[in-house]
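S.K.: Listed below, chain by chain, are the residues.
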Amino acid sequence: MRKQLLSLLAAVTLGLAGCAGGTGSATPGESTLRWAVALPAHWDPVVSGSGAQFRILSLAYASLTDIDENGKAVPSLAEKWEYNATGDQVTFHLRPNLKFSDGEALNAAAVKAYLERAKTQKNSALFGDLTSIKEVTAAGDTDIVLKLSQVDYQIPLLLGERVAQITSPKAASDPAKLDQSPVGAGPFVVTENVPGSHVYLKKNPDYWDAANIHIDRVELSAAPDNATLVSSLQTGVYDLAYLDPSQVKAAQAAGLDVVFQPGFNAANISLNVNKKPFDNPKVVDAFRYATNRKEFVDKVTFGYGKATDQAFPPGYVAYDPQSANAYPYDVAKAKQLLAEAGYAAGQIKLDLVIPAPSSAAEIVQSQLAAIGVTVTIKVDPNWATPFFAKDLTLSLYGTTGRESPVQTLTAHFGPNGPLNLSTPYEPAGFEDAVSLARRTPLDSPDYARNLQAATRAGLASEALIFTYSQPNIFVKSKKVSALPAVPGQIHWTGVTVGG
Amino acid sequence: MLRRVLGLGAGRVALGVLLTVVLLAIFGPLVAPQDPLATSTDLLAAPSAHHWLGTDYLGRDVLSRLLAGSRLSVLGAVEVVAMALVVGAVPGVLSVYLGRAFEWVTLRLVDTLIALPFLVFAVAVTALLGNGIPQAMFVVGLLVSPLFYRVARAATLAVARSPYVEAAVIAGASVAWIVRKHVWGKVLPPIAVALAQTTGVGFVVVASLTFLGIGVRPPAPTWGGVLAADLGFLSYQPYAPLAPIVLIMATVWACNLLADALRDASGVAGRALVLRRPRFSGGSRVKEA
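Chains as they are written, first to last, in our numbering: chain A, 1 to 499; chain B, 1001 to 1289.
Possibly wrong hints are sitting among the right ones.
What follows is a set of in silico ranges between Cβ atoms, one per label pair, in the way DEER data are often shown [stated by the list, open to error]:
{"id": "1", "chain 1": "A", "residue 1": "G51", "chain 2": "B", "residue 2": "L1128", "range": "22 to 32 Å"}
{"id": "2", "chain 1": "A", "residue 1": "E192", "chain 2": "B", "residue 2": "D1035", "range": "22 to 32 Å"}
{"id": "3", "chain 1": "A", "residue 1": "T120", "chain 2": "B", "residue 2": "R1217", "range": "37 to 47 Å"}
{"id": "4", "chain 1": "A", "residue 1": "A344", "chain 2": "B", "residue 2": "D1035", "range": "47 to 57 Å"}
No wet-lab data here; the hints were simulated from the structure.
The beta-carbon is built from N, C-alpha and C at its ideal position, and this holds for glycine as well.
Between the sequences and the hints, there should be enough to build the whole structure, so can you do that?
M.R.: Take a look at the structure:
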């Protein structure tokens, strides 16, 4: 019996050792980054969209352009670009001899195929971002000409990591397969993807900037609970993770590096003005005055964020100082407005539908209770469906921001903006203001002024109440060198992982 | 029976604890020092004279939230027990008297229910019927009912074969009379033990579900919800989980202690029957006495 048990134990041990081999194991001497993160459900950037998951996908995909530490568009796959004199056509010039990880050439035809797929694929989450692009032409092997439907100087910012992570056309011929087995030209190549468990990647020697990638291997693992994340890093299970603000103190006490990366994000309370009671502007104003942003900063971001009443954090180029604090926290005024709108205390009862439990929702509930509005929090894991179908009356949303401020504005305030819960509602004057901002070259002295004017026009929207902005917070072990301080993005150029 | 339980030290302690919990459920929200839903700027504060158990991540008084959360826990546990009692004990007794078809059907149903993991099933039901403790506890009560069925059936079988019951049958007594006169008195002690034990299970299930955020809507306070929230802020309040944990443990412990006291107080017959009770988690079969 004992002999049998020993044999079984030996077999299990050998089996486990076998499992650890192959694509799943790190080779001794390799520089390996172990990153605990929410694993992407989709690996096809066209399906994944321009939300926060683009940061993970950028391991496997390179984009047409990139941004630098000041948020300016810089070369990536495209080494340069230029507009025509009228601003309604832009030509991107690719680096020569680029190729995807499947060996296919990354040329103008591949970029054209990607952009056309992003505009036309049935389940594309990007088509709304590409409305300015009327026609894509591959001029030779490395030149891509984009004819625009309007003058738009935001295109180089737009075609960065969020919107233009170029996929191999050969792999994209089977979009369902691509969605789980990415084939791009990024700094790493996926070698193993077990959804919900882990993803392994190895360095891509064909990446255009491979000489500056010093990590041989990346292991993505499903992030553990907040309460155990810090100890996981402390004990060396992981090297890097996103960090909830509530865990910053614990991470710092554990001697880990906490990185506060600037971003463009802003959280909001989304109202549907097509539904009662928000069809009454006085009710909307009452909600605006009832919002105490400091409470969000203190309790959601633990003081690491900033209050904002715009779609951007204060200090950003598109943040409009003239519009700041237009609706200061004033409970008495909010109550008065509700009374003027004909609502007695307790008469308004609303469902606040959110995708996951959040302290922000409880704060909204408590602040609205103070003015006599009863809010019931409903957690709906399928929240995205009614939210993007614009069926909800009241919800919360937190955008990670966009490199193109015009893209951020249209997403929030445009008649079909995905973050505009009140589609097709659009604040008066917004279309003209945003068009002017779009038509203004980024290096024009008028750029900031026109952009802020567009923000001002957008903030007339009765569909959104912005609350706070929070930096992207990472925790990393000391063996991971400093991450480039690129706003809202994670770049691996020059990053090293020590032994 | 109550006098005999009170005569035991364990019985007095258990009843004392449970009575306190019941009083908290009734009067907790009234005696709570502060509004359990009122937020403040005093986040994650340490225990003080103003906040005896400190405050949570939104500045709410933890003691007030635990007191207010007692009601849901008690009601949930009571619902489990009541459901299990009605669905389990009554058919358990009747299965001995209502013929082979009824016996066969109920035994197969019980076998089926035992096979279902009740916590997982409760989560599935709340997903289907809406997020609420009443529907979750309804299902848990249904899935716990096999315990009552088997205890009641075993006790009834033992009594049914006794000479005085057989004499009553020969004398032409009706089933209802026999059950009322001879069976209930013998069946109740083991059922009381099962009841006390099931109440403890009910408290654990309510705490588990609310810990997972199932069955309640924020900001409703619950014991499990307070515990779950505390675990996210251990770096600020490493001691915070102790309060809800002690409360849950003490209540469940008191239920089990009461079950032991009831068993001891009910004498040999009760002990003989109850020692064969099935285990909840394993779902193992029980031999009938």
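S.K.: Each hint: holds or not?
M.R.: Here's how the hints hold up against the structure:
no.: 1; hint: A:G51 to B:L1128: 22 to 32 Å; verdict: holds (30 Å)
no.: 2; hint: A:E192 to B:D1035: 22 to 32 Å; verdict: violated (52 Å)
no.: 3; hint: A:T120 to B:R1217: 37 to 47 Å; verdict: holds (42 Å)
no.: 4; hint: A:A344 to B:D1035: 47 to 57 Å; verdict: violated (22 Å)
Of the numbered hints stated above, those contradicted by the structure are hints 2, 4, listed in ascending order.
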